[in-house]
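**Q** Produce the complete structure using the sequences and hints provided.
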Amino acid sequence: MASNTHVLITRPEPACWQLQQALVDHGFTASCQPLLNYQQNINREAIVSITQSFCPNIIVFISQAAVECAHNAWPLTQWISEEVTVVAVGRKTQATLAQYQIPSLCPERHDSEGMFSLPCFFADRIDQARVLIVRGDGGREWLAQQLCAAGAKTQYLESYRRNWLEIAQDQHKIWKKEQINVMVITSEAMLNRMCELLPANKQFWFSSCLWIVPSQRVAAAGAAKGIQNIIISEGASDRAIISALQHMELNHD
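According to the numbering used here, the residues represented by the sequence shown are 2 to 254, in order.
Everything labelled a hint here was simulated from the structure, so no lab data went into it.
All figures in this text were calculated on a predicted structure; none of them were measured in a lab.
Treat the hints loosely; a few may be bogus.
As the list claims (entries may be wrong) - DSS-like mimics (lysine-lysine), calculated; alpha carbons at most 30 Å apart, straight line: (1) LYS154 x LYS177; (2) LYS226 x LYS178; (3) LYS154 x LYS178; (4) LYS174 x LYS203; (5) LYS203 x LYS177; (6) LYS226 x LYS174; (7) LYS154 x LYS226.
**A** Rendered as structure tokens:
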């Protein structure tokens, strides 16, 4: 591996430290700078209320945090029956569901847009779909809007709340001193937050630094801000991010 690859990981703990160790094991230098943490935002009573009143036949989990916080509120096997189709947005979310004995479908494209490639959302079935979307507070509305437009019924279960951490205003100077030249950004919200933390003169960070993002949508958002070097890792899992970095290294050799 090239010794000048210095990765900044911005995902929450403990996933931040887990990815850092995986990167080190693969020969990369990596630093952790969590931008936020997650706080459970739901309880068993709320899950009972929404599942009994809405009776979903499809449940979509938007992220690993959505799975974990929902499970902590009430074990998933207690309220997700075998008759319900479970969908994970991304392999990491799917792997987390599997840890709790919940089988799920996962689209090849790991974002909301990829959902419509799955059979349960095909045109001949969509008007029978009652879709419960498990996400964080203030999540993206696109999926629900598209499902409703196609004839499905939707409801949200906001299982967690995002708490943005206080980051020193001059933290970017420390990143520069550490020779950070790769950013790992796993959501559009985190992309926006990181851009807020960077100095007014973003030339180095937007021109020379490589940004690794999980989807085409986040890549497009980054490009719209002026970020020039973006790689899509095809998901937010450790394996996907490491694979993207290894591919980058090979292309530079």
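**Q** Hint by hint, note whether the structure agrees.
**A** Comparing the hints with the structure gives:
no.	hint	in the structure
1	LYS154 x LYS177	violated (48 Å)
2	LYS226 x LYS178	holds (24 Å)
3	LYS154 x LYS178	violated (51 Å)
4	LYS174 x LYS203	holds (12 Å)
5	LYS203 x LYS177	holds (12 Å)
6	LYS226 x LYS174	holds (21 Å)
7	LYS154 x LYS226	violated (34 Å)
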